[in-house]
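Visitor: What follows is each chain in one-letter form.
There are 2 protein chains.
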Amino acid sequence: MMRYEAMTSFMVMDIVREASRYPNAVHFEIGQPDLQPSPNVCEAFYQAIASHRFSYTESFGLYELREKISHHYLCTYNVKIAPERILLTPGSSGAFLIAYALALKSNGKLGLTDPSYPCYKNFAHFLNIQPIAFNVDKSEAYQLHPDQLRTQEIDALQISSPANPTGNIYTSERLQSLNQYCIEHGISFISDELYHGLVYDGLANTALEFNDNAYVINGFSKYFCMPGARLGWIIVPEYQIRSAEVIAQNLFICPPTLSQYAALFAFDYEYLANVRVEFAKRRDFLYQELSNIFEVENKPQGAFYLWANVSKYCDDSQKFAHKMLQEIQVASAPGIDFGNNQTDKYLRFAYTRNIEEMADGVLRIKRWL
Amino acid sequence: MMRYEAMTSFMVMDIVREASRYPNAVHFEIGQPDLQPSPNVCEAFYQAIASHRFSYTESFGLYELREKISHHYLCTYNVKIAPERILLTPGSSGAFLIAYALALKSNGKLGLTDPSYPCYKNFAHFLNIQPIAFNVDKSEAYQLHPDQLRTQEIDALQISSPANPTGNIYTSERLQSLNQYCIEHGISFISDELYHGLVYDGLANTALEFNDNAYVINGFSKYFCMPGARLGWIIVPEYQIRSAEVIAQNLFICPPTLSQYAALFAFDYEYLANVRVEFAKRRDFLYQELSNIFEVENKPQGAFYLWANVSKYCDDSQKFAHKMLQEIQVASAPGIDFGNNQTDKYLRFAYTRNIEEMADGVLRIKRWL
Chain C
38 MMRYEAMTSF
48 MVMDIVREAS
58 RYPNAVHFEI
68 GQPDLQPSPN
78 VCEAFYQAIA
88 SHRFSYTESF
98 GLYELREKIS
108 HHYLCTYNVK
118 IAPERILLTP
128 GSSGAFLIAY
138 ALALKSNGKL
148 GLTDPSYPCY
158 KNFAHFLNIQ
168 PIAFNVDKSE
178 AYQLHPDQLR
188 TQEIDALQIS
198 SPANPTGNIY
208 TSERLQSLNQ
218 YCIEHGISFI
228 SDELYHGLVY
238 DGLANTALEF
248 NDNAYVINGF
258 SKYFCMPGAR
268 LGWIIVPEYQ
278 IRSAEVIAQN
288 LFICPPTLSQ
298 YAALFAFDYE
308 YLANVRVEFA
318 KRRDFLYQEL
328 SNIFEVENKP
338 QGAFYLWANV
348 SKYCDDSQKF
358 AHKMLQEIQV
368 ASAPGIDFGN
378 NQTDKYLRFA
388 YTRNIEEMAD
398 GVLRIKRWL
Chain X
38 MMRYEAMTSF
48 MVMDIVREAS
58 RYPNAVHFEI
68 GQPDLQPSPN
78 VCEAFYQAIA
88 SHRFSYTESF
98 GLYELREKIS
108 HHYLCTYNVK
118 IAPERILLTP
128 GSSGAFLIAY
138 ALALKSNGKL
148 GLTDPSYPCY
158 KNFAHFLNIQ
168 PIAFNVDKSE
178 AYQLHPDQLR
188 TQEIDALQIS
198 SPANPTGNIY
208 TSERLQSLNQ
218 YCIEHGISFI
228 SDELYHGLVY
238 DGLANTALEF
248 NDNAYVINGF
258 SKYFCMPGAR
268 LGWIIVPEYQ
278 IRSAEVIAQN
288 LFICPPTLSQ
298 YAALFAFDYE
308 YLANVRVEFA
318 KRRDFLYQEL
328 SNIFEVENKP
338 QGAFYLWANV
348 SKYCDDSQKF
358 AHKMLQEIQV
368 ASAPGIDFGN
378 NQTDKYLRFA
388 YTRNIEEMAD
398 GVLRIKRWL
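Top line first, the protein sequences correspond to chains C and X.
Following our numbering, the residues of the first sequence are numbered contiguously, the last one being 406.
Following our numbering, the residues of the second sequence are numbered contiguously, the last one being 406.
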């Protein structure tokens, strides 16, 4: 079998395209912020062009930016990460290719939760890695429990917190116990922390607080509002720095240069605080509204997604989503994009548009049902 | 074995870093143009920022840009390629990941020439594909002959023309006969055409003239002088469009957005003609000068590299390159980065700096030897 035959379409991207055909669509499907990056970032983009920053950079990315990220870990989590361990990548997507290649052999086994970000399993298929699903549900607030790992052997574990599509955040105790289990059993820990910063209740810990050899992935696409810049990063264990570099040199040459120069100004915490406040308001609005229509089992604590059980209206949420798009032009992501664990009962709603637009969408849904 | 253990460092990137420590170094190692992109491209970058183009695009990239590339094939090669078959990628590097995944199973066999671009074999190792080397040398002007393919079974063939590191161009007859062989034997043909446009003698044909199912890779990093923009493209066979999209959605989400908007203005043929004239002058200068010092077996016809046999001065060109960098601060790429076929006798010199700087380098070499 060709590896792409095992891969599934990233449905959200297909739905984004379908929804774009309706000029009056309300967009709950889109997994990117509609807010602009900090004005300092925009200014830095202009400056970078004026300075003719059109060449390759080092494969690892600008050292100065890696220092800024290092400082971000110190002031956000109080963990010291040498800039040498931080590798800039073409989007956090590029970071997953590196993490999986560093942590897993061909035919190796990658544990992931069901539901989870659909590309995890597809990165695995692309690299001839076997994805092993562990079901999570409302009973544990969508957090994996270490005991579940005893049921199947794995070589690496992939989790995300805040999680896509559920918006849950791992408690520090749970994140610690999972890391402890992985350390004891020689399992690589891969932590997708792309939605850090977009945290409305509680705290998001970095896996590095509990496991210095965790692979931590983050980027500028969500909290920093620069999705099109295609710039992410990965923190690798000390002993993997050179191997990570060899992979990055060959696979990417380097991440986009202008984006790197602009991202030097992305750690504008005052601006970012406003981004968080705006998304917190939207979360509160959409949670309240959709809880009255569907069953929302857990209030999302972070990211910008809400996982709604729509099974009282249908047997098949994908058909429901299609009908909703065609009949009232409200776009959402069908649950089956995110796994097989009862996902045909769910839709993912992204609160990536302003409250006025969301209110219009909610009203259409209410009238329609 | 971990897949990265089979991969080799992309040495040129290491040498670029080493050479950057010497402020007075003469740079013959760098595989990117020092010329700026067209002023229209720079202006388009400004406009894209002013218009807040910070979101994702479709995974395939902007349709308007795919149309421009389609038009480029029509007016450059007189071949009609539907925009739907053109997929924009994060650098041409991203295009190789797609081509190899579409053409080769895990454990499949990829034929490539020795010497050739070092990342080909490393992309293969990354994807558990077996690289099969076919030696090429001056006797056939560094072109692979179809008869060589009879000696080993392969599933796909990767060639580049103009070639890195030798600067040779496949004649239209040879490119046709290779494609014919591959079509007859069910071998996928992958054509790296990244240096098209930088052609000083003869003509570079696209493989699509001879094989409608060839995977053709190109990008904006060389001729278009936008290496840091990380934007490439791949043309896939009609029947592979959807599979290519599934891979791109999952692996990349989309290519850098600002780069796409800027590249809409990259087909500025008047400006590009000047780029070609400048590199042609540099080629003539460096070929004449280095032919008097080393043995340059074939005058390069394209790209911006010159493959020099330095064996009359040393047994090991890598040691020679290191000594040359340390003692007279002249940087070059050691041949062994490009394969195992007598490559320890060669250095690759890039003519990516102006003639004045190159003349300084040549003078240093002459005095030193």
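One should not assume that every hint holds.
[Said to hold, decoys possible] Under the rule of at most 27 Å between Cα atoms (straight-line distance), these lysine-lysine pairs were calculated in the DSS-like manner: (1) X/142 / C/146; (2) C/142 / X/142; (3) X/318 / C/142; (4) X/382 / C/146.
Worth flagging that the hints you see were computed from the coordinates, not collected in a lab.
Visitor: Which of the numbered hints are not met once you compare them with the structure shown?
Guide: 3 and 4
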